[in-house]
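Residue strings, one per chain:
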Amino acid sequence: MIPEDMYKELLEDINTTEESVTCIHQLDDLGNSLFVKKTSFDEKLDLYLENNFRNKLVTVIEKLKLDVNDPGKIEKFITEIREKLKELPIMRLDLAFEPTASIINHISEWIGHNLEQKVLLDINPDHTLVAGAIIGFNGKMVDLTLKHRIEKEYINLLDLKNK
Amino acid sequence: MNLYLIILFSLLLCYLALQFYYIHKREHDLHRKEKEIYTKSEQILTNTHKKSLKIVSGAVNKSKEILGQTKAFKNSIEYEANDVIYDSLQKYAEEIEKNCHDVSTAYEELFSQFKNEYIEYEKDKITKLESVAEKEISEFSKNIDAKTEQFEQALTQIVQTEGDVVGKMQTTAEEELKRISETITGKALNYELELETKLNEKLKAAEEEILKIRNAIDEIESTGEKGVEDLKKKIEEKTTEYQTLLAEKIKREIAEAQAEAEKYKESIAKIEEVGRQGVESISKIVTETTLACQEGLQTKINEEFDHAKGEIAKYKEEKLKAIDEEAEKIIKKLSIELLGKAIKIDEHEKILLDALEKAKKESILSI
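The listed protein sequences derive, respectively, from chains A and B.
Residue 1 is where the first sequence starts when you use this note's numbering, and the numbers rise one by one after that.
Residue 1 is where the second sequence starts when you use this note's numbering, and the numbers rise one by one after that.
These are computed hints drawn from the structure, not numbers from a lab.
The hints are all genuine.
Cβ-to-Cβ under 8 Å is the rule here; a few derived chain A residues that face chain B:
1. Leu95
2. Ala96
3. Phe97
4. Ile103
5. His106
6. Trp110
7. Asn114
8. Leu115
9. Ala131
10. Gly132
11. Ile135
12. Lys140
13. Leu144
14. Leu146
One side of the interface only, derived from the structure: several residues of chain B facing chain A at Cβ under 7 Å:
15. Glu349
16. Ile351
17. Ala355
18. Lys360
Think about it this way: if two alpha-carbon atoms lie no more than 30 Å apart in a straight line, the pair counts; the simulated BS3-like pairs of lysine-lysine are:
19. A:Lys140 <-> B:Lys333
20. B:Lys128 <-> B:Lys329
21. B:Lys321 <-> A:Lys152
These figures come from a predicted structure and were not determined experimentally.
Backbone N, C-alpha and C fix where the C-beta goes; we use that ideal spot for every residue, glycine too.
Use the sequences and the hints to build the structure in full.
Right, here's the structure in full:
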């Protein structure tokens, strides 16, 4: 069982559903290669994992004092991470722009502070929304876009005109 | 031999007895040793348990101590972190508020500009539409006028044709009447002439007869005066009688001729009446037909005109609606495009964080 703070450290840079899917694929590849004895564990890590995540994974393995030569234990460890990634709650964000990595980090930080949990972002850019976002989380959805506001104002304007 | 066997059997029995004794003794020793070991192990376990209890209680106390220290440390860190987070959050909120205010002001400006532009655009569109509609209506009215003129011309032609036909019929009827009356008058004159000729001939014959009688009288006069006188009287009587008869006959014949002429006149008057009635009824029928035709045409023209007016109104309404919808779409698209372009990426981020705050307040982000 991996402690929560280690999960936090390990999944710190995985903020979006896309990144999560990529990470799961990489972990799957690593898990499939564990019982191949031709290459060392380090080589496998280099081969299958993205550098930043690889380093974090190595740190956690060291902290947990896991035997890297025991493929069974490492496989169990990888499966736990995989399951944790799959269980993370998802927040859908329909945005009017393509957010940069820094903006995504800011949003994740904000969510971390305010919701006190790790949440994956499912970001869908839609330029017609003008600004703001349509936010969907835990079965609820709210339209806080400027487009929505403009449409409301526009309808009011038409009502005035028709009167 | 038997003795030998008995001794051997006795020895064997002794041996077995000895073996049994030794086995029993070893078992007893083992049992004793086992008991000793069990007692010792029990002692060891008790000692170990006591020792472990001591260690565990010490560890628990130590852990509690560490936990207390950790909690205190954590609390102190949390207090510090909370202060730092609160300060940064407050600054952040202030910045966001300011930025939101700026964005809101910019949005309001943009919106008012957009509103004015929209109103101008709408006015312009309506003016254009009105001019287009006016043009279309004037064209349509021209078409209607042209059609009406054509209808009127056609109607005039029909009326003219009908007038010509009626005139021709009247002329023909009048000519026919004239011809009939001329024929009748000619016949009457001929008959009068014939009557006059016959009368003259008869008068001439009567005069000749009178002359003959006078001659006979003159002869008689010359033969004797008395007889003459009687004869004269007789002749005079006969002459008077004959003259009376002749005059009556002439009168009767003249009356017959006059009656015949009257009959002719009556039949001419009847023919004239019938002709006149025929002409009147024909002209009445023609007039009625023309009027009905005119009314029908007028109704049809009115219907066509109303239909055309309705179609123009419908077309105008549809056109206005289509233009309105198109204008709405264009304005919406333009405003969205313009506003989307006018907002910078950092403003987008601020608006987004603001939206998240709002969603949090509206409990959208609660689990």
